[in-house]
Amino acid sequence: MSFRIDRRRFLMGSSAVLAAGAAGFRPAFADDTNLRQIFWGSKARADRTFQANDLYTKANPATKISGEFYAWNDYWPKLATMTGGGNAPDIIQMDYRYIVEYANRQAIAPLDSFVGKELDLHDFDQDQIEGGKVGGKLFGISLGANSVASIVNTKAFEEAGFPVPDNNSTYDDLMAAGEAFKKANIRGGMKAFQDGSGVEPLLENWLRQRGKALYTADGKLAFDGDDMVAWFKLWKGLRDAGAVVGPDDQALDTGPLESTMVALGKAAVTFANSNQLIAFQAIVKDPVTIASFPRIAKGSKGGHYRKPSMFWSIAGASKLQSDSAKYLSFFVNDKTAAPVIGIERGIPCSASVRDLIAPGLSPQDQISLHFVSNLGDLIGPIPPSPPANAGEVDTQLITASQEVAFGQKSPEDAGPEFVKTASDILSRKG
Amino acid sequence: MTSETAGTIRANERAKKLVRRRIFSVVAHIVLIAASICMLYPLLWMLSASFRPQDEIFNSNSLIPSSVNIAAYVRGWASGLQITFATFFANSFIISILSVIGNLAACSLTAFAFARLKFWGRGFWFALMLGTLMLPYQVTLIPQYVLFRNLGWVNTFLPLVVPKFLAADSFFIFLMVQFFRGIPRELDEAAMIDGCSTFGIYWRIMLPLSLPVLVTAGIFTFIFTWDDFFAPLIYLNDMKNYTVTLALRSFVDSSGESDWGGLFAMSILSLIPIFLFFLFFQRLLIEGIATTGIKR
Amino acid sequence: MTVRSIDGGVAAAQGAARASAWSKFWHRNAAGYGFLTPWLIGFFGLTIGPALISLYLSFTDFNLLQAPTWVGDANYLRIFTADPKFLQAMRVTFFYVLFSVPLKLAFALAVAMLLNRGLKGLPLYRAVFYLPSLLGASVAIAVLWRQLFQGDGLINRLLATVGIEGPSWISNPRYALWTLVLLSIWQFGSPMIIFLAGLRQIPGDMYEAAAIDGASKPRQFWSITLPLLTPVVFFNAIIQTIDAFKSFTPAFIISSGTGNPINSTLFYTLYLYQEAFGFFRMGYAAALAWILLIIIAVFTGVSFLSSRYWVHYDE
Chain S
1 MSFRIDRRRF
11 LMGSSAVLAA
21 GAAGFRPAFA
31 DDTNLRQIFW
41 GSKARADRTF
51 QANDLYTKAN
61 PATKISGEFY
71 AWNDYWPKLA
81 TMTGGGNAPD
91 IIQMDYRYIV
101 EYANRQAIAP
111 LDSFVGKELD
121 LHDFDQDQIE
131 GGKVGGKLFG
141 ISLGANSVAS
151 IVNTKAFEEA
161 GFPVPDNNST
171 YDDLMAAGEA
181 FKKANIRGGM
191 KAFQDGSGVE
201 PLLENWLRQR
211 GKALYTADGK
221 LAFDGDDMVA
231 WFKLWKGLRD
241 AGAVVGPDDQ
251 ALDTGPLEST
261 MVALGKAAVT
271 FANSNQLIAF
281 QAIVKDPVTI
291 ASFPRIAKGS
301 KGGHYRKPSM
311 FWSIAGASKL
321 QSDSAKYLSF
331 FVNDKTAAPV
341 IGIERGIPCS
351 ASVRDLIAPG
361 LSPQDQISLH
371 FVSNLGDLIG
381 PIPPSPPANA
391 GEVDTQLITA
401 SQEVAFGQKS
411 PEDAGPEFVK
421 TASDILSRKG
Chain X
1001 MTSETAGTIR
1011 ANERAKKLVR
1021 RRIFSVVAHI
1031 VLIAASICML
1041 YPLLWMLSAS
1051 FRPQDEIFNS
1061 NSLIPSSVNI
1071 AAYVRGWASG
1081 LQITFATFFA
1091 NSFIISILSV
1101 IGNLAACSLT
1111 AFAFARLKFW
1121 GRGFWFALML
1131 GTLMLPYQVT
1141 LIPQYVLFRN
1151 LGWVNTFLPL
1161 VVPKFLAADS
1171 FFIFLMVQFF
1181 RGIPRELDEA
1191 AMIDGCSTFG
1201 IYWRIMLPLS
1211 LPVLVTAGIF
1221 TFIFTWDDFF
1231 APLIYLNDMK
1241 NYTVTLALRS
1251 FVDSSGESDW
1261 GGLFAMSILS
1271 LIPIFLFFLF
1281 FQRLLIEGIA
1291 TTGIKR
Chain E
2001 MTVRSIDGGV
2011 AAAQGAARAS
2021 AWSKFWHRNA
2031 AGYGFLTPWL
2041 IGFFGLTIGP
2051 ALISLYLSFT
2061 DFNLLQAPTW
2071 VGDANYLRIF
2081 TADPKFLQAM
2091 RVTFFYVLFS
2101 VPLKLAFALA
2111 VAMLLNRGLK
2121 GLPLYRAVFY
2131 LPSLLGASVA
2141 IAVLWRQLFQ
2151 GDGLINRLLA
2161 TVGIEGPSWI
2171 SNPRYALWTL
2181 VLLSIWQFGS
2191 PMIIFLAGLR
2201 QIPGDMYEAA
2211 AIDGASKPRQ
2221 FWSITLPLLT
2231 PVVFFNAIIQ
2241 TIDAFKSFTP
2251 AFIISSGTGN
2261 PINSTLFYTL
2271 YLYQEAFGFF
2281 RMGYAAALAW
2291 ILLIIIAVFT
2301 GVSFLSSRYW
2311 VHYDE
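Protein chains in written order, with our numbering: chain S, 1 to 430; chain X, 1001 to 1296; chain E, 2001 to 2315.
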């Protein structure tokens, strides 16, 4: 059998393909104002956002919004490429970790000139406004307040016969819980807590309770080698006692939610953020709830702070900054959009919006809302925005914690080494 | 030795050979089946996961789901937005087919030049051609993006397809060169004596004799293009232009809510076109050339 | 008059010689360059520009969001004298290349030969073995691999049936890289298909003639199959090696871009990606890229030189 393509069929076939493909070859033309928007998230978030966009267009018929969204890992290279290529969308979702980088390089625009005019923030939480400032200027509008939180598998604690952790639990309670889980030996050896030695927000929380912090206002480390030795020793003790998961299991957690210890069923508590409760519940069969990060002793305070979960920013090179600002204002204030947006991105920062949607929230959403609003003495002042290269320090912490956990380094060595490496990272130019 | 004993001896030998053949066949099949299970297990897991409720996916240990539910497929297909996966499949198909055409045409021309024609600087250009394979794309990404942006091609299929028509895939050039060099030169010379032009040699001798490698290149181009997510990620903005692989990535958000069932369901569906494409065209690999054109 | 005409004749002859030298050059090379035209357009239009720009960037600090600033050889100096992660990335990548390429090719060739014998169900088997390669860069692979290779994953449960207690392969710094080697081998479908195509191109009458001459099956393999297959073996070896050096997606998906545990899966291009997009140091990443290119080029060049001794083209 020989394979022959009938010439006519080939031509017809390929012209059909080309014609169909031509649809993808014509760039879009804008008639009225066309705002471009980019954000990270999954379909759940996209649905809500596009619905809100539709509401905006209904209220402002001359404005169209074309939104694109990507997974977290894809979002940053895409955004950086578009920005580097001079093609960034007008409305950009920003993260606490990157906002400093983008602001300092004028990739996003200062918003101060719009406040009070296009941008209505009159009943916005003050600390959330502060959270969006870099170098004193406002660069991002907080889309929701969240706080660090422990995600707790309540059913597992029931089975182990130990009280569920709450906002008063301490590190000693952590050890006690560990013992209880060891004795109970449920679910194939489930441990009480994950190994938190590589979790930067947990370290920050712990430092703040000791009166220190991660970074100073002028971008240097605000802790020293002794702190780090104590930190690594603390977690080594917990590991050796079997209260927290061992290194092999903890290293399975590479960042995404589905690789965390609670999702994998290896521990009953994972350290995360308050607005992730719903996401966790979706992949864990048992009921989960949230509690604070552990206190270092009874009554110790000031570890937590309410931070913006994410921001809307406006591209520095955008030609439609005023229109974008109007959209931003709509997103965080509008009463019809608020129920659609919900608390998926975080607890709304406008008091009136909060009051509006609170009654309509599901029980689990209510738990999140209640948690963030009632941290009480756990809350301390919001820290200064992190310096450039802070993300790299975070990465280094994970490596250092793994080195200690796998026994490659002792806490006494790892502590000062980490401080030195971190300082080098911070002082590296370019 | 009488003819009878000779006949029996031969019959015995033939019987022995048959038994050996059978044993070999059975052993081979056992080995292949075992290997197939290894190859397939992860896919079977994915198939099973696509039928499970979301909170069961990560903690269950068995392959069989507790209940079979096609909700993930329905949900995934609708993709929750105004655009269904039908659009994404169409886009992927268009881009992949065009890439196949472009690659086969441009790469075979280029490979013919490198393999068969003598010209000044051939070694130099060949080295450069291979060199383009060695530079990681992460660093040429931004300059290339700027280039395409200046051409106004961003948010269209052009950056994905045009390079194929310009033989940008050195992989296939190199592949075809190796195959062309395996075809005896006597055929070319015979044709030239008969008054065949250079293009004629390419068109009437080289290409027909290279059906295995052309089919292979076609299959690979289709699959590589279908599976590529990075170029579509960078160059496509409007969701209605997305390819399947790009759309699949939007199911999962590592920091928040994900639709794992939907992801697995659509991944399985996405495998079907490329699998079918492969099955259909691999027949050509079989038919291939058991005898070469020497007899022809 | 005769002198002038002779002069004129000589001049005309010289002019004609120059003209014919050019036309000879043109004649000899027109075909080659004619066929090369699409590639030349692509190369000069789309490839060379960005490549040279990336070379320029390697001598700058470029944070993606602002214009680059020249720093001379600072990036290269740092790479060679003060970058432990670079050394780690080299170690990881060389290890990966050394083990995954030969194993992958061996499997591919073995299975291709097995499938070439005309067994029943051949197309089905071929498709089954190619299926893993179709999964490409799916996010699903990370989940799958974790399910298989974690402490209580499938592999360990299988090993337990023969009494072996396996570690958590995928999250242990000593073994994590091996799971990536296995992932590469699992996707041996592509080189296998290419080997099959190569085997198919060997004319059947060669085997017939050899059989008539009394050659045994193994003899046929060594004297006919292998020599005629060398161009394809060479291709697969080069391509798989280059791919392995540049390998990015498996490590990216499985370690979520971290290269952990303890940077044991920090592939070179993953490190490059972190520097470029994670830490906004595109200039440094460009320097890393060009160093990788030189390494690969040296490898490839040596391979091509050695190919003269073992690759057999029927020319």
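Accuracy of the hints is not assured; some may be wrong.
[Unchecked claim] Derived DSS-like pairs (lysine-lysine); straight-line CA-CA distance at most 27 Å:
id, chain 1, residue 1, chain 2, residue 2
1, E, 2085, S, 429
2, S, 133, S, 58
3, X, 1118, E, 2024
4, S, 137, S, 298
5, X, 1017, S, 319
6, E, 2085, S, 236
7, X, 1118, S, 58
8, S, 298, S, 236
9, S, 301, S, 212
10, X, 1017, E, 2217
11, S, 220, E, 2085
12, S, 137, S, 409
13, S, 58, S, 212
[Stated by the list, open to error] Facing chain S, according to a computed beta carbon distance under 8 Å, are these residues of chain E, among others:
id, residue
14, 2151
15, 2171
16, 2256
17, 2260
18, 2261
19, 2279
20, 2300
21, 2301
Keep in mind the hints are simulated off the structure, nothing from the lab.
As the structure is a prediction and not an experimental result, all values here were calculated from the model.
Every residue, glycine too, gets a C-beta built ideally from N, C-alpha and C.
Here's how the hints hold up against the structure:
no.	hint	in the structure
1	E:2085 to S:429	17 Å, holds
2	S:133 to S:58	31 Å, violated
3	X:1118 to E:2024	13 Å, holds
4	S:137 to S:298	38 Å, violated
5	X:1017 to S:319	82 Å, violated
6	E:2085 to S:236	26 Å, holds
7	X:1118 to S:58	67 Å, violated
8	S:298 to S:236	22 Å, holds
9	S:301 to S:212	12 Å, holds
10	X:1017 to E:2217	13 Å, holds
11	S:220 to E:2085	23 Å, holds
12	S:137 to S:409	43 Å, violated
13	S:58 to S:212	50 Å, violated
14	2151	6 Å, holds
15	2171	4 Å, holds
16	2256	4 Å, holds
17	2260	6 Å, holds
18	2261	4 Å, holds
19	2279	5 Å, holds
20	2300	28 Å, violated
21	2301	32 Å, violated
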